[in-house]
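Undergrad: This is what each chain is made of:
Protein chains: 2
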Amino acid sequence: MLLRNVLLLVLCALGAILPGRADDGYRLWLKYDRVAEAGLRQQYQAAARFVASPDNTPVLRAASAELRQGLSGLLGQAVPALGAPGTHTGGIVLRVGTAGNGQLRPEGYRIFPENNNLVISSPTDRGVLYGSFALLRQVQTRQPLAGLRLSSSPRIDRRLLNHWDNPNGTVERGYAGSSIWQWYELPERLDPRYTDSARANASIGINGVVINNVNASARYLTPEYLGKVAAVAGVLRPYGQRVYLSVFWAAPKVLGGLPTADPLDPQVQQWWATACNQIYQQIPDFGGFLVKANSEGEPGPSDYKRSHAEGANMLAKALGQHPGVVMWRAFVYQAGSGDRFKQAYEEFQPLDGKFDSKVLVQVKNGPIDFQAREPFHPLFGAMPKTPLVLEVQLTQEYLGFATHLVYLGPLIKEVLEADTHAQGSGSTVAKVVDGSLDHHALSGMAGVANIGADRNWTGHLVGQANWYAFGRLAWDHTLSPRAIAEEWTRMTLTTQPAALRPLVAMLQQSRSIYVRYTTPLGLHHIMGESIHFGPQPWLAKAGRPDWTAVYYHRADSLGLGFDRTATGSNALALYRPEVQKLWGNPATCPLDYLLWFHHVGWNQRLSTGRTLWNELCTRYYTGADSVQWLQKQWAAARPALDPATYADVAARLQTQQKEALWWRDACVLYFQPFARQPIPAPFAPPARSLAEVKELVRIYQLK
Amino acid sequence: MLLRNVLLLVLCALGAILPGRADDGYRLWLKYDRVAEAGLRQQYQAAARFVASPDNTPVLRAASAELRQGLSGLLGQAVPALGAPGTHTGGIVLRVGTAGNGQLRPEGYRIFPENNNLVISSPTDRGVLYGSFALLRQVQTRQPLAGLRLSSSPRIDRRLLNHWDNPNGTVERGYAGSSIWQWYELPERLDPRYTDSARANASIGINGVVINNVNASARYLTPEYLGKVAAVAGVLRPYGQRVYLSVFWAAPKVLGGLPTADPLDPQVQQWWATACNQIYQQIPDFGGFLVKANSEGEPGPSDYKRSHAEGANMLAKALGQHPGVVMWRAFVYQAGSGDRFKQAYEEFQPLDGKFDSKVLVQVKNGPIDFQAREPFHPLFGAMPKTPLVLEVQLTQEYLGFATHLVYLGPLIKEVLEADTHAQGSGSTVAKVVDGSLDHHALSGMAGVANIGADRNWTGHLVGQANWYAFGRLAWDHTLSPRAIAEEWTRMTLTTQPAALRPLVAMLQQSRSIYVRYTTPLGLHHIMGESIHFGPQPWLAKAGRPDWTAVYYHRADSLGLGFDRTATGSNALALYRPEVQKLWGNPATCPLDYLLWFHHVGWNQRLSTGRTLWNELCTRYYTGADSVQWLQKQWAAARPALDPATYADVAARLQTQQKEALWWRDACVLYFQPFARQPIPAPFAPPARSLAEVKELVRIYQLK
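In order, the protein sequences belong to chains A and B.
Numbered per the numbering used here, the first sequence spans residues 5 to 707.
Numbered per the numbering used here, the second sequence spans residues 5 to 707.
In case anyone wonders, no lab produced these hints; they're calculated from the structure.
One thing to keep in mind: the hints can contain errors.
No distinction is drawn between identical chains; accordingly, a pair holds when it is met within one copy or between any pair of copies.
Straight-line Cα separation of at most 27 Å, BS3-like style, residue types lysine-lysine; simulated pairs [claimed, not checked]:
(1) LYS309 <-> LYS707
(2) LYS358 <-> LYS417
(3) LYS389 <-> LYS321
(4) LYS358 <-> LYS389
(5) LYS309 <-> LYS321
(6) LYS662 <-> LYS309
(7) LYS257 <-> LYS698
(8) LYS389 <-> LYS707
(9) LYS707 <-> LYS321
(10) LYS707 <-> LYS257
(11) LYS585 <-> LYS707
(12) LYS35 <-> LYS389
(13) LYS417 <-> LYS309
(14) LYS636 <-> LYS257
(15) LYS585 <-> LYS321
(16) LYS257 <-> LYS545
(17) LYS707 <-> LYS662
(18) LYS321 <-> LYS636
(19) LYS321 <-> LYS358
(20) LYS309 <-> LYS35
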């Protein structure tokens, strides 16, 4: 032990003089590089001389190992493990128990000084794990440790990453390489990434992982695959994460050989009950099921004229006494049945009160599909008897893949803060989701994962910030996206103030910039067909009308936008009167949502003083120009950044700029013949023709 | 410079005392870890005090940089760069020129002592690059440097890696993660992997890369994508590699808007000529085209009743004066036109002499499709007027994906040494391919790449050995697979003799073990439908008869095997009489090929003294048991291995063992009802039923 500590000390000392290796991003925000400021480092050293932990559960062992690994790196000193502090002082003490923790939820933690030590205390070992990461975060972000007092509990219970990973290793809508799950190697080989993803998740409070795509394969329910899933569960368990599965509704047919998958069929019910028992034999803490049914071609209870509630409740009953839950997705829309905006509401709202107590309904943040900006989904606030899981998308399906820098903290926060007015002003989506508005015991929030086997996990480095922000907001939705961005930047990139300023500014502005050059003023769903890359506002024919672009933007000689007021589809009527009032009048509707709800004349003057056409052009042009501003912020931070990291993001910003101009030119050139007006001064008309831009789009549709 | 050298020295010294990090395999065989043996290291140090290079071309700069990087790591001393040696001695001198190099091909090199320096000399800078890697290999494998004299020239001109990588980042038949080519990031961002893949290729003499799948997308010929391809070409060029493209035959239609892709249509010809000019404007050293036409659904000249020669020649003419070539694949087979074995021959052999001088015909090693063992393709030796490219598959489509340890050196060598008897005994496939038999100016060998974005490039570590062996054999087909295996093992794993012995033994035996437990005695094409994973000898219905298993094994109550003699399909008649004589008689036909050519009675006694049924069972059982032998060899080498590397392969061997038993049980249980005999002693019948094994196979076919 002594020799090991000496070696560690030598290593840490060397850390200071060795030239840094290129940072490949693999370590995410858990870098643990030595604190460069000597004075600060000494303060930390004095407060973290050891970690005392009973180490009597796998989770506590993971917590104390992480603390020692992190602190020894950060402080440049060996941090030995003790069973109990005894008379030692100046160290960290891990403690599981209820004493003094009456205000905490089970996963909450407190950090406080006691006998010249810092105690991390929680009713559960998982809470201690979260507290340990919180303490590390203090050091990583250069906050003081001495006398530290922190108390925190998660506001939402199930904080889940949803992987859209397929059994063949591809990731639906993934832009960071192949899946991290290596199904052909499991259960014998456990890729080190499983552990590192679990560490990252634990550090931000994520406590569950749906490991397979909602367009699900039946094979996960076979004994062969359950063994593989159990092996993954074993890696994730010490990090406080449960495994969940997306299920294929027709599994009783393709696996069980039954003639039906009707949820009211006793044989089907028995098949699922047996499947659940088999799962729990192998995975005693299995989290439950996520279901995409009767949506985009997936089978479901409607195939047998049963409701979503009948389907979900059958699964809930099959789970029986097992602790799992059913998360039933509300992402449904039938072809040709009117405004797609309204369909999930129309199908699910009447089912409120009909779901089993183990069922949560999982609702996307907006009514269409993860657009760069959407009004909040009208189901929030409309199903008070049903716990609703908020589903947000971290992978940038509609937000520029891995070549656009888009920090999603503001997007997620915007949804959480949206006021449903369900029980009067202040009935935010956050309060619906965390269960406080309607007093639900269950609550959940899901982020569609943006991680893959790319070395840096997310392709674009800032994708890491989106993973990070999701976890932090799911834990505590009152946090500000700006504070989260700064936390992440400090932990991931630099703590130098001169660099922090431009970096946090660029993160904060990035999403609104993206909206401006792609879908300003409430435009939506005008991206490339199927692939969802690049602009394609001219798309008029597709497998279904609501897969085209013209269905959504409705450009004509009079104006632009989808009339969802009473003179149109009347989707606005799904919202509370207060919301209707705000959004229903084009004069008061925030410009960000204008074309979501109104068909606005080209020459209509907006609150900015410009006509619609001029405002539209202004946003496309200034949006695209703002990518240069992003580049300037990145360049300003360069002295503080790892060179490889700098070069990587700088190159992606170049691509982003090129693609922003592509969006701008495509959209203004396409809409111009409807508006029949020139590009307003001072903007120069695009140098290329619409045909040229269209050809550029077509390339990405080629076989 | 001085400070840098001091730092390097410090770093190297530290290398010895720092505890090793887990080896993640990324560095491949170019590890450059310090030589542990002090005496040997001192000898190397005395011979490599500097690298003198004019550094007047990018290739020379790459060569001298690699030498300095490699030697400074291996020798633990700074290795400075000099422009010319001057009066310095004890160093490495790079020299481009013809003096003394009359016996060398352009890419050949000589290494020899001169004035107490070691000179690496070649007519070209590329030859110096190859010589530099050869010198590094000397040190990596612990051969002496003092007085070193080496001379080597490649026997085959175009040594190409064929990537089957799709524009969306997937890899057809890839088992090592997503594509290393990041098309959405190009040309702005150049992933560091491009450089590292080029270094690895250069180190084994690979001089060209077909970067996209033969099932090709048209988009690579668009200006947008040519810019991306040019950026890749720019990274590969200093490492002596040219970029080639697979082309989509219908590109003139989908890109050019022409009504036809008929190769005799003047507009089509003009379109391709223009495309070639555009390519060469951006990539002056573009290597040429690879074409899969009228095969497995791809369009081609037959759509217009033109021959493959007419198609290939049109492309050759379009290339005009540009230096590129056309590699036209002979992998064609029409549904329902008799024995698939014969079809490529029947379609291509009559075209011999009709191809343009810029055309090579690319032929897979065997007549079916990259089975674990195939007789050599009958086209070898049958098209003397046409240069033939030998195509082998490194990615283990039919060889256990990334969970089976299979070293392919023996497979590739077996093909190269196969005797076509085209011009009498000794007319090996190697001599056909290297052009020496028929005096061709062009020659080529292609390996279907097994690399992806997995951290260790190939998924299974031993996949690296297959990449390595391909390059070495394409450079010099007279090398022995055993020597190559030892080279690779020394460079990649360990130089400790006690570990080398079991490691090289396991590599050498691995492919024959795989054959024994999957397709012994000449069985072929009995693997899982479409996915090609696991056994499926019962497959009797598929999109085409020649996609089933029963088409190939022909099991019935009488016996097993495909009669390809005159009493059957007579495919044997495609070979020279000497070959026919050897293989046509079941008594003399090597057992490895027996069921390729004969329908053999279950009770027929073989040269081993056993009946067919008993021999079949013996091979399945001893083959599966041999995986335990592989595990023992790996375990024996453990003390010499990096722990992470050890654990990774050990886990994969566990999976392999499980899957070997799966193959064994599936095959003996399926064939047993035909043979109507018990499993012979001393082997115990499988503990599971055929139905259970089938279910295991079915899982991998589930959506």
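Undergrad: Within, between, both or neither: how does the pair LYS358, LYS389 come out at a Cα-Cα threshold of 27 Å?
TA: within (8 Å within a copy, 78 Å between copies)
Undergrad: For the identical chains here, do LYS35 and LYS389 meet the 27 Å Cα criterion within one copy, between copies, both, or neither?
TA: Intra 44 Å, inter 62 Å, cutoff 27 Å: neither.
Undergrad: For LYS636 vs LYS257, is the C-alpha pair at or below 27 Å within one copy, between two copies, both, or neither?
TA: neither (57 Å within a copy, 43 Å between copies)
Undergrad: Between LYS309 and LYS35, at a C-alpha cutoff of 27 Å, which is it: within one copy, between copies, both, or neither?
TA: neither (53 Å within a copy, 63 Å between copies)
Undergrad: Classify it for me, LYS321 with LYS358: is the Cα-Cα distance of at most 27 Å met within a copy, between copies, both or neither?
TA: The answer is within: 14 Å in one copy meets 27 Å, while 72 Å across copies does not.
Undergrad: Between LYS585 and LYS707, at a C-alpha cutoff of 27 Å, which is it: within one copy, between copies, both, or neither?
TA: neither (47 Å within a copy, 47 Å between copies)
Undergrad: Cα distance capped at 27 Å. Does LYS309 pair with LYS707 within a copy, between copies, both, or neither?
TA: Between copies only: 24 Å across chains, 38 Å inside a chain, cut-off 27 Å.
Undergrad: 27 Å Cα cut-off: does LYS257 pair with LYS545 within a copy, between copies, both or neither?
TA: Classified as between: cross-chain Cα gap 21 Å, same-chain 35 Å, threshold 27 Å.
Undergrad: Can you tell me if LYS585 and LYS321 fall within 27 Å by alpha carbon in one copy, between copies, both or neither?
TA: The answer is neither: 42 Å in one copy and 70 Å across copies each exceed 27 Å.
Undergrad: Are the CA atoms of LYS309 and LYS321 at most 27 Å apart within a copy, between copies, both, or neither?
TA: So LYS309 and LYS321 pass the 27 Å test inside one copy only (19 Å; across, 63 Å).
Undergrad: Is the C-alpha distance from LYS389 to LYS321 at most 27 Å within one copy, between copies, in both cases, or in neither?
TA: Cα proximity of LYS389 and LYS321: one copy only (19 Å, versus 73 Å across).
Undergrad: When no copy is named, should LYS707 and LYS257 be tagged within, between, both, or neither for a Cα gap of at most 27 Å?
TA: between (34 Å within a copy, 13 Å between copies)
Violated hints, in rising order: 2, 6, 8, 11, 12, 13, 14, 15, 18, 20; the structure is consistent with all others.
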